[in-house]
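2 protein chains.
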Amino acid sequence: MAKDMTLLWGSGSPPCWRIMIALEEKQLQGYNQKLLSFEKNEHKSKEVLEINPRAQLPAFKHGDNILNESYAACMYLESQFRTQGTQLIPEGPAEQALMYQRMFEALSLNDKLSNVVYYNYRVPEAERHDSALKRNKEILTTELHLWERYMQKMKTGSYLAGKAFSLADVIVFPVIAYAFRFGLSEKRYPKLGAYYGMMKDRPSVKATWPPHWLENPHGGDSLKDL
Amino acid sequence: MAKDMTLLWGSGSPPCWRIMIALEEKQLQGYNQKLLSFEKNEHKSKEVLEINPRAQLPAFKHGDNILNESYAACMYLESQFRTQGTQLIPEGPAEQALMYQRMFEALSLNDKLSNVVYYNYRVPEAERHDSALKRNKEILTTELHLWERYMQKMKTGSYLAGKAFSLADVIVFPVIAYAFRFGLSEKRYPKLGAYYGMMKDRPSVKATWPPHWLENPHGGDSLKDL
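Protein chains in written order, with the working numbering: chain A, -11 to 214; chain B, -11 to 214.
Quick caveat, the hints were computed from the structure, so don't treat them as lab data. These figures come from a predicted structure and were not determined experimentally. One should not assume that every hint holds.
Which copy? The list can't say, so a pair holds if one copy fits it or any two copies do.
[Stated by the list, open to error] DSSO-like, lysine-lysine: derived pairs with alpha carbons at most 27 angstroms apart:
id : residue 1 : residue 2
1  : K34       : K125
2  : K188      : K141
3  : K32       : K100
4  : K122      : K32
5  : K34       : K100
6  : K125      : K100
This is chain A alone, in the form it adopts within the complex:
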């Protein structure tokens, strides 16, 4: 079935990684895939544009159905392959509520993380302000503390939405992994660190670990002081 699927992806992009984890969890290995280089601007190629008019990665399709937004792709895959592989949406209303809530709070986490890690990339030099970067770091620190508290409230060894792995983990883990790659302290965020450590060993995560992260495990220090 996965032969009907094509994924164009970039190494280390959380949205790409989410789809790859979801595909592994749903036992949809064997899809057509191609690793493209952001540095070489390959995400702006015609090949990508034919699937994704935004010229962004991921570009993903299943048959004629196009799902370039990572949340969309993950929701769709779970819906279309509900009984295959890992069940990614829990049955119970409480677990389901928590899963959806965390999944979508991750939009804030990801935004705030990007506003620090990619500040120089996103803001032209003439428009940069130390005050803005400082504020972005404070906002991110508050956000990270919120997630640390969320994890404190869960039982040891829990996933984000309870005892079962769910879409919340598929969506949020790549963002958490990013934070540690850019120097977040496991000492100051021990629950997030424990979650990161547990998830790193999950087969779907190991199988899809960004190849350039294997070569260069350390991404930078921009979150070291948070």
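Fit chain B to the supplied structure of chain A, relying on the hints for placement.
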């Protein structure tokens, strides 16, 4: 059943409005609700914090289940009340794919819109640059043209994901309404204008129209030249 639900909301906030439209569509009228004032900083009140640690509106709960993120609340309501009121997720894989794709592309639309409409609110005076606001407007214009093209490809009278009203409309419509409130030209974006006109008359939308928009139909001109 809706007596188990509480919504704290602010007038004109797209995330609040989405939940209200979804509740109407799922025939969940009669929920406990309270209109709070952003201007009076009531979203930072203890009442909100008890439900939403982010001190943001909406703050929504169903029994003990908390769903403050509008996407989360809408997904949850559809999942928990699947057979009640309007079916918000289509059955067919193609319609479902398009629905999810548009729902999540709306995150970009909303971000880009906010980066123009709220530029002065978000960026402290000392950090503002005409070049940044100009770029934000160009980015938003490109985004709006993309949505206009999406609607061009649909049959006349279609909803965002096809002939049936869906979660995509619940999520995206408040953002489109915002754009026209801030002066977007129905002449330059005729398909978006037609969609706006059709949706405005939908009972769930009329029943939840932001009260302060009724008093002051025009929000501003910041999108007039786009």
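These are the hints, each one checked on the structure:
When the C-alpha separation of K34 and K125 is checked against a cutoff of 27 angstroms, the pair qualifies only between copies, where the shortest distance is 26 angstroms, while the shortest distance within a copy is 37 angstroms. Proximity of K188 to K141 under the C-alpha cut-off of 27 angstroms is restricted to the intra-copy arrangement: shortest distance 21 angstroms within a copy versus 43 angstroms between copies. Both within a single protomer and between protomers do K32 and K100 lie at most 27 angstroms apart by alpha-carbon distance, with minima of 25 angstroms and 20 angstroms respectively. In the homo-oligomer, the alpha carbons of K122 and K32 lie at most 27 angstroms apart only across protomers (23 angstroms), although the nearest pairing inside one protomer, at 32 angstroms, exceeds that limit.
In this homomeric assembly, K34 and K100 come within 27 angstroms of each other (Cα to Cα) only across copies, at 25 angstroms, whereas the closest approach inside a single copy is 31 angstroms. Both within a single protomer and between protomers do K125 and K100 lie at most 27 angstroms apart by alpha-carbon distance, with minima of 8 angstroms and 22 angstroms respectively.
When held up to the earlier numbered hints, the structure conflicts with none and fits them all.
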